[in-house]
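Protein chains: 4
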Amino acid sequence: MKSSVKSIAVLTGGGDCPGLNAVIRAVTKTAISKYNLEVWGVEDGYLGLIENRMRRLSYNDASNILTVGGTILGSCNVANPFDYADPSQDDGPNTDVSDDCIKALKSRGVDALICIGGDGTMASAADFAKKGLTVMGVPKTIDNDIWGTDITFGFNTAVDTATKAIDKLHTTASSHHRVMIVEVMGRYAGWIALYSGAASGSDIILIPEIPYKLENICDSVLARSSRGRRFSIIVVAEGAKPDGGDMVIAKTLEDSPDPIRLGGIANVLSEQLSKATGLECRAVNLGHVQRGGTPTPFDRSLATCFGHLAVELLMQGTKNHLIVQREGRFKSAPLSEIAGKIKTIPTDHTLINAAKAVGTSFGI
Amino acid sequence: MKSSVKSIAVLTGGGDCPGLNAVIRAVTKTAISKYNLEVWGVEDGYLGLIENRMRRLSYNDASNILTVGGTILGSCNVANPFDYADPSQDDGPNTDVSDDCIKALKSRGVDALICIGGDGTMASAADFAKKGLTVMGVPKTIDNDIWGTDITFGFNTAVDTATKAIDKLHTTASSHHRVMIVEVMGRYAGWIALYSGAASGSDIILIPEIPYKLENICDSVLARSSRGRRFSIIVVAEGAKPDGGDMVIAKTLEDSPDPIRLGGIANVLSEQLSKATGLECRAVNLGHVQRGGTPTPFDRSLATCFGHLAVELLMQGTKNHLIVQREGRFKSAPLSEIAGKIKTIPTDHTLINAAKAVGTSFGI
Amino acid sequence: MKSSVKSIAVLTGGGDCPGLNAVIRAVTKTAISKYNLEVWGVEDGYLGLIENRMRRLSYNDASNILTVGGTILGSCNVANPFDYADPSQDDGPNTDVSDDCIKALKSRGVDALICIGGDGTMASAADFAKKGLTVMGVPKTIDNDIWGTDITFGFNTAVDTATKAIDKLHTTASSHHRVMIVEVMGRYAGWIALYSGAASGSDIILIPEIPYKLENICDSVLARSSRGRRFSIIVVAEGAKPDGGDMVIAKTLEDSPDPIRLGGIANVLSEQLSKATGLECRAVNLGHVQRGGTPTPFDRSLATCFGHLAVELLMQGTKNHLIVQREGRFKSAPLSEIAGKIKTIPTDHTLINAAKAVGTSFGI
Amino acid sequence: MKSSVKSIAVLTGGGDCPGLNAVIRAVTKTAISKYNLEVWGVEDGYLGLIENRMRRLSYNDASNILTVGGTILGSCNVANPFDYADPSQDDGPNTDVSDDCIKALKSRGVDALICIGGDGTMASAADFAKKGLTVMGVPKTIDNDIWGTDITFGFNTAVDTATKAIDKLHTTASSHHRVMIVEVMGRYAGWIALYSGAASGSDIILIPEIPYKLENICDSVLARSSRGRRFSIIVVAEGAKPDGGDMVIAKTLEDSPDPIRLGGIANVLSEQLSKATGLECRAVNLGHVQRGGTPTPFDRSLATCFGHLAVELLMQGTKNHLIVQREGRFKSAPLSEIAGKIKTIPTDHTLINAAKAVGTSFGI
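Chains as they are written, first to last, in our numbering: chain Z, 1 to 364; chain Y, 1 to 364; chain A, 1 to 364; chain U, 1 to 364.
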């Protein structure tokens, strides 16, 4: 069944992620040169849809953006068309402005909306689909935790950035006989911590999937010290937590409304470890650097395939699906299947086993 | 069935490849710390086996090598134990010295040999297996053309290096309105050319799997020129060839016993294109730079998994297999299945389709 | 006058700095191959001198370390031989153990000590010189604030690391219309902030030499916003402070004994700016990453020259000097001249003027 | 004396060089925001002047180009307004079209021309000055061989690129016990070879300033081999030549009108060394990669200062000068002083001495 789509819109939602422009480029160029479609770029994610801000994208608009980080369309973390807090209505309740969004698209003759984003963006996309809008989702996450796809763009770049930063910290740690505690992104899943920790040969990796015991971390660090290795590198996902409770996180939350910006778990661990072992500890939070920059070649190719397939499948009649990669192949899956799930690391993951075998501790 | 292996040897054969040390590290650390095995490192690939040069590897020998390019064991491109040209016997025929190799291993009590290498290395490994030696293969190739595995370490780093070099050439090409022809590795398969070409947004990609027509390349370049894009980037695999014959390659072969070192296909194309279009053309051969350097984080993790599994499966009783990754999972496959096959790019590969859709020509 | 030096010792003191190994290599190789000297490596800076821990360095010990970050000798931030807090004497007063240090050197026949370090290290070196020990100093600082030399190794690498991190943050800032506040090292001088800020095209640069007014920062950010540039990048040296007082820093100091680890000034500014402008602000503290990693080619060559000249001048009879670069030339200057001074940025520095002319604000 | 300049034009001439856009940005922003000048961008160097192609540059045109390699204005290697080969007049003699160029500038009210380029560009700039046009030169060269300035932008980036490529080749050389001969740019001066060779710890560095003896190179390589170092890295400037004649180069010139594109000196040396020593040799020509890419932070700041000062000095009444950096300070010097001179490396350069002291051979 061939599609009757003549005009599409594309938006990028949620946090920054290397490769967004590569998807926009592939969507735009495929749509224009292969299918002669009209392409609209929605500005600042769903916020631009709500505020009716979109612009025509030409073939040339999609040139020279492949290697550029960020998104030429802008993004927005918070705007949800189905539960919108209108800033002009200070004290009013949130409202559903999704009909206005659909009207804005229809008034321009847009037949289908391609949403590039993470969980939140896909949840709204699925809601739009229920209202009859044709949507297609492209998964985006540096955290690699979107359920339904084995991998998506941004993750490889984030791991690359994190690993190279840890490589740098390694020399300082070894020169100064220090314990370095490096906090990387990953609130619910520890993919960045696992992959950057393994790739940098870190000594201890702490991830949300494997609650740690502080005494085990201390033991590992002291055992290294007693073997003459007077430094250790600990990579910790921001969402890692101790076995038996969220005490550490809770303790931080009391001090600050935003523990992440204060260095969060790494700072807490640094203090605890320093006290428990007497060793010199230093916390480093890699922060937003992980989200930015030129995508790796791996992510550029992946993003190009995702963007291309979003248009391709749409023109072949698929709708309300998410483009995914499973078992090494590109496919698509119903948006409704994905909603509300998180892809965490199975505790028997090959890389966890391999890391353990080469001497890495997971704090258990 | 548990293995009775008590002592293993490991060797690296064939051309240099980023990640070899990461495999050696994972093999050595897994063998020593998890299974308490004795580990022998064979020097310079099969040549060290032939010449009975190997050394004990300790846990510490495998430390601090994860990020280092090359191989601490040394390698050798040419020595084949089953067809050996003894340099001390100048005019004599090649001989089979495989029994000496097995004797050298047995004299040290080695129960199994882990061979890290490409086609040639695996062919000899399979031959050793036929003679009763327990072997385990770890596939190694920057070219990504080993049959039986979807991916192996080294390829990601080579694509990373090539893409970043092409990124640099892009600015010169556009500033000077030039056609830049960049030759990358890939004698039999165009994986590096495809992935670095797509990731760098190159205008034309030439691979062995898709014989090109010179007039189509000229047309693409001139069409860009007439659209106001007065530069083009062409990425060409060293093994790319024109439709209907090997004329170009043959012509080069007449001039030199080693066309690769002369810049090979890129130089030939540069002259042909310059003559046919009147445009300023420049050839660049990225050469050995693609083989060296620190492995990417992706390759470090992959190599760690491969090395770990080689020991792991050996200890679980598997033998004479190659460690592979298929459909996103690590497995193993009989060495005998792999021999003599090359994994080329299917012409309907997703990335080829995506590249075409965003305007890339493949010279057809 | 030729020197009678037959044996030298070398130590690295203070914080980690890319290029330390390049100096050690140049010192060791020059000493051994050109002058046939004995070379001793003191472990962990002055602490190794105090604890009489040093090892002979061979020519091969100095091989393959040129590109490695950190120091193969180890370092120590705190040990001062002239005012030593002996950890085995918990409550005792600090003592002068410099005679023991000199004895340790003499017992090995060491004629001269090469000290690679910053202010603190040089102060002790000058004190040793007063006691008759022949010393030679090599300036080391990522902060570029050592008085008496225009430049030294480590600074170029730190600027490189910081700039590339800010480049990455740029895409996120522009995609999300955010104000990004990036804290870089520089307690007393803003060299890293100035050079990384100018090189990354940052909008505002805050350095200790130019106390800022918060309202001017707000004005700059809002002015950009009103011109349609809805993001800004602010680079702030950790030692930057508001005009008319240290209030901001003091406020942070109340919360924590170590404001730097909490993100220090960047966090404070982020909160203040967010409150004052209503814009979304994010703080990032680049932290220890700036100290580590492979030195840039620039720093490797510079460090090689410094290390070479330390031995060279020593053998020509110079002593108790610091190797420096002034006005494009390598020279040396008496250690006594340097002591207790800091090289801050002149406020009419060419790069400050150039940055202002291209639109950068310094918060005044 | 203040300048009466109201409108300027800027052009980039000669080969590509990282930092050109940083100069254009600094010129444009300084001119517009500090002096309220009109700015014209001449396209494709002097060719655009000859063909009367220039466009107004706004403040925004100069935004977001600081980190981009190449030149947004385009460049041209060959057009000389004083000796122009008009392509539409095939067989006619070259003509002087400089009056037309001046007319094109005057017709737009341009008071002064800022020429960013190398020797050739500056020679024409000096010729224009003689005809009464107000010009200001900004030196540009990756080769660092412009007389009159200690350094200029582009060189640092080229050394960075070359060194990192040699770092990569190092692992292959050592794994395979090979001699790697790496050709870098530098026809008349060996700055890139010296700095990248020293920074990568190469074993032999060959530069035009120090004619080499082939037997000395062989001796060095074999001496290393006999000490158990079975590999060597040779960095050779494209303009290096043997002592006592240009034989090697001549031999290559017979085969090709453009020996550089064939790998030039590195290929010749590889064959000669292989024959003379029996060792496995490989030639790599880094080629155009050295000219491209994002400028290093060092070059971005330097280029910003140069561009800023070009406008600044012009507005202060200086004319027909070249902006230079000497002895660590920015200055300017009459264009007439510079013409026709090349800055080669003094053979007692500190880095040559330091490299020798750490064991590097210069083939003598």
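Treat each hint with caution, since some may be false.
Residues of chain Z clear of chain A, computed beta-carbon distances all greater than 10 angstroms [as the list claims (entries may be wrong)]:
| no. | residue |
| --- | --- |
| 1 | Asp16 |
| 2 | Glu51 |
| 3 | Ser63 |
| 4 | Asp83 |
| 5 | Thr95 |
| 6 | Asp100 |
| 7 | Arg108 |
| 8 | Thr161 |
| 9 | Met180 |
| 10 | Arg227 |
| 11 | Gly328 |
| 12 | Ala333 |
| 13 | Glu337 |
| 14 | Thr347 |
| 15 | Lys356 |
| 16 | Ile364 |
Now the in silico label distances, taken between C-beta atoms and shown as ranges [said to hold, decoys possible]:
| no. | chain 1 | residue 1 | chain 2 | residue 2 | range |
| --- | --- | --- | --- | --- | --- |
| 17 | A | Arg55 | U | Ile364 | 32 to 40 angstroms |
| 18 | A | Gly328 | U | Gly244 | 41 to 49 angstroms |
| 19 | U | Arg108 | Z | Pro87 | 25 to 33 angstroms |
| 20 | U | Arg229 | Y | Gln89 | 43 to 51 angstroms |
| 21 | Z | Ser107 | U | Ser58 | 31 to 39 angstroms |
Because the hints were derived from the structure by calculation, they are not lab data.
What you are looking at is a predicted structure, and each value in this text was computed from that prediction instead of being measured.
Note that the Cβ used here is the ideal one computed from N, Cα and C, for glycine as well.
Here's how the hints hold up against the structure:
1. Once the 10 angstroms rule is applied to beta carbons, Z:Asp16 is inconsistent with being away from chain A; the minimum gap is 4 angstroms.
2. Distance to chain A confirms Z:Glu51 as a non-interface residue, since its nearest Cβ pair spans about 13 angstroms, more than 10 angstroms.
3. No Cβ of chain A comes within 10 angstroms of the Cβ of Z:Ser63; the nearest lies about 18 angstroms off, and the non-interface call holds.
4. The beta carbon of Z:Asp83 is kept farther than 10 angstroms from every beta carbon of chain A, the shortest such distance being approximately 20 angstroms.
5. Distance check on Z:Thr95: its Cβ is at least 22 angstroms (rounded) from any Cβ of chain A, clearing the 10 angstroms threshold; non-interface status holds.
6. Interface exclusion of Z:Asp100 from chain A stands, the closest Cβ pair being 22 angstroms apart, more than 10 angstroms.
7. A cut-off of 10 angstroms between C-beta atoms confirms that Z:Arg108 is not in contact with chain A; the least separation is 23 angstroms.
8. The beta carbon of Z:Thr161 sits about 7 angstroms from the closest Cβ of chain A, which is not more than 10 angstroms, so the claim that it is off the interface is violated.
9. For Z:Met180, the condition that its CB be more than 10 angstroms from all CB atoms of chain A is violated, with the nearest at approximately 7 angstroms.
10. The claim that Z:Arg227 lies off the interface holds: its Cβ sits roughly 16 angstroms from the closest Cβ of chain A, which is beyond the 10 angstroms cut-off.
11. With a minimum CB-CB distance of about 30 angstroms to chain A, Z:Gly328 clears the 10 angstroms threshold, and the non-interface call stands.
12. The Cβ of Z:Ala333 sits about 27 angstroms from the closest Cβ of chain A, beyond the 10 angstroms cut-off, so the non-interface label holds.
13. Annotated as non-interface, Z:Glu337 keeps its C-beta farther than 10 angstroms from every C-beta of chain A; the closest such distance is 29 angstroms.
14. Distance check on Z:Thr347: its Cβ is at least 30 angstroms (rounded) from any Cβ of chain A, clearing the 10 angstroms threshold; non-interface status holds.
15. Annotated as non-interface, Z:Lys356 keeps its C-beta farther than 10 angstroms from every C-beta of chain A; the closest such distance is 26 angstroms.
16. Remark: the non-interface label on Z:Ile364 is consistent with the geometry, its nearest Cβ contact in chain A lying 27 angstroms away (cut-off 10 angstroms).
17. A beta carbon spacing of about 35 angstroms between A:Arg55 and U:Ile364 agrees with the range 32 to 40 angstroms that was offered as a hint.
18. A beta carbon spacing of about 34 angstroms between A:Gly328 and U:Gly244 contradicts the range 41 to 49 angstroms that was offered as a hint.
19. Under the hint 25 to 33 angstroms, the C-beta atoms of U:Arg108 and Z:Pro87, about 47 angstroms apart, miss the expected range.
20. As the Cβ distance of U:Arg229 to Y:Gln89 is approximately 28 angstroms, the hint placing it in 43 to 51 angstroms is violated.
21. At roughly 33 angstroms, the beta-carbon separation of Z:Ser107 and U:Ser58 lies within the given 31 to 39 angstroms, and the hint holds.
Checked against the numbered hints above, the structure breaks hints 1, 8, 9, 18, 19, 20 and satisfies the rest.
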